[in-house]
Structures are given as C-alpha cells and as structure tokens.
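Student: Chains as they are written, first to last, in the numbering used here: chain U, 1 to 112; chain G, 1 to 113.
Since the hints were made in silico from the structure, they are not lab data.
Do not rely on the hints blindly, as some may be mistaken.
Label-pair distances were calculated between CB atoms; the ranges are [as the list claims (entries may be wrong)]:
(1) Met15/U - Arg112/G: 40 to 46 Å
(2) Arg112/G - Glu53/U: 46 to 52 Å
(3) Gln60/G - His77/U: 36 to 42 Å
(4) Phe46/G - His73/U: 20 to 26 Å
(5) Arg63/U - Phe46/G: 28 to 34 Å
(6) Arg61/G - Lys41/U: 19 to 25 Å
(7) His77/U - Asn18/G: 42 to 48 Å
(8) Ile20/G - Gln14/U: 43 to 49 Å
(9) Gln81/G - Ala72/U: 31 to 37 Å
(10) Asp55/G - Ala72/U: 33 to 39 Å
(11) Glu15/G - Asn62/U: 47 to 53 Å
(12) Arg61/G - Thr2/U: 23 to 29 Å
(13) Glu15/G - Ile55/U: 39 to 45 Å
Chain U side only, calculated, beta carbon under 7 Å to chain G, not exhaustive [to be verified]:
(14) Lys41
(15) Phe42
(16) Leu43
(17) Ile45
(18) Met46
(19) Phe64
(20) Ala87
(21) Phe90
(22) Thr97
(23) Ser105
(24) Gly106
Glycine included, C-beta positions come from ideal geometry on N, C-alpha and C.
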Amino acid sequence: DTAVSQTPKYLVTQMGNDKSIKCEQNLGHDTMYWYKQDSKKFLKIMFSYNNKELIINETVPNRFSPKSPDKAHLNLHINSLELGDSAVYFCASSPRTGAGYTFGSGTRLTVV
Amino acid sequence: GESVGLHLPTLSVQEGDNSIINCAYSNSASDYFIWYKQESGKGPQFIIDIRSNMDKRQGQRVTVLLNKTVKHLSLQIAATQPGDSAVYFCAENRAGANSKLTFGKGITLSVRP
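Next up, chain U with everything else stripped away, as it sits in the complex (with noise of 0.2 Å):
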C-alpha cells in the first residue's frame, strides 16, 4: 500500500479553468501538507493542516483553497489556473509538525 498517494499523476488543463488534486495517507499521521516545486526543483511549502486544521498557509494565492474532509486527506482545489500555476505539487504527511515527513509521489500540473 502506498503510504501517501496522490491523483491525478498528471494533469494537463487550460487556462481558466478549476481543478483539483486529491491526497490521502494511511500512516495514521495527524498533520498535513502541500508543497510546490517549480521548474528549478524549489520545493516551497503552500499549506500545512494539524487535524484538520489550517496551520499553515504561505501567502498562497485565494485561487488555492486546501480541503481536508478528515485528517487522512488533504485535497487542493485550484481556481481560474494561471500559467505559473504549472509545476509540480507534493502532498506529505508527519506524525506531528515538523519531523518525520512522508512524500507523496507528486502531481505534475501543466496548464496551457
């Protein structure tokens, strides 16, 4: 079983148009997080949730808007998709904040 999985894999879309990118965990870890990596391989921290609860959000725009339903999944609707909007999108999970992260194996968001 894949510890931290995440769909689609790949996802190719036009500008304008909503999208969204699911993640669950099954390790039982009460925080949550999603992180952005652009073309350079800069991995940047977008939201983080401590069950189910927004912690952390790092001036992301409001077109990001993170869900989590419980605190195995943590999803990550995209409005109105921009160009730079393109990258690849990392959910992970860990026991508790700030140690022990567990890396799903990526999203790569392509919008044209």
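Based on these hints, arrange chain G on the given structure of chain U.
Tutor: Coordinates of chain G only, in the frame set by chain U:
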C-alpha cells in the same frame, strides 16, 4: 529571513568514490535538519536526519555532519553507486506549534560508471 542553500548545483562523481554534498543554513534557531533524495518522477525520500544537539550521525553508507558554528550541514555518501544518482535536498526545521520544513535548492548528484 531564513534560508537554506546549497553551495553547488551539480556534483559528478565516479562510481565507488565518496560523495560530499554541502549545505548552508541561515536560521540559527533551527534545531532539526534532514537530507532528502529525489529521484526522477518521484517525491523526496528521507535519507537521514540530525538534531542540533549532535554534530554527526551515521546511517548505512551515509553520514550527516552538522557544524552549528558556521551553520553548515553536509551529507557524505560512501562508495557512491549509480542508484545514488538523484537530486539531494537539505531541509531545516525549527521546533514550534506551526513548524515546517524549509528546503534548500537541491543539488544533482550524477554518478559516472
């Protein structure tokens, strides 16, 4: 502001040689450091970590060294193998309720056969 950086963008080594990947950090309040390996098409994978009360930690073929005086972190890989080819990231974290990992820019390790 806090930042974590790597000195070189790429490193090429001969198979069987030892590799050393260096990282500098600027936040003196950081108390936990981690090295990650990212292979093509995959997410970052934990390699080894070290807390600020230590200066060295060894794993299987890997050693992490921490020099808090100069805010420097290094990853040593012994007998580098082709499977070690990947992008390596150092990351730092500061304890707290809303702590998070801050990643460096990544360095590509290329192993020559």
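Student: Could you work out which earlier hints the structure fails to respect and list their numbers in ascending sequence?
Tutor: Violated hints (numbers, rising): 18, 19, 20; every other hint is consistent with the structure.
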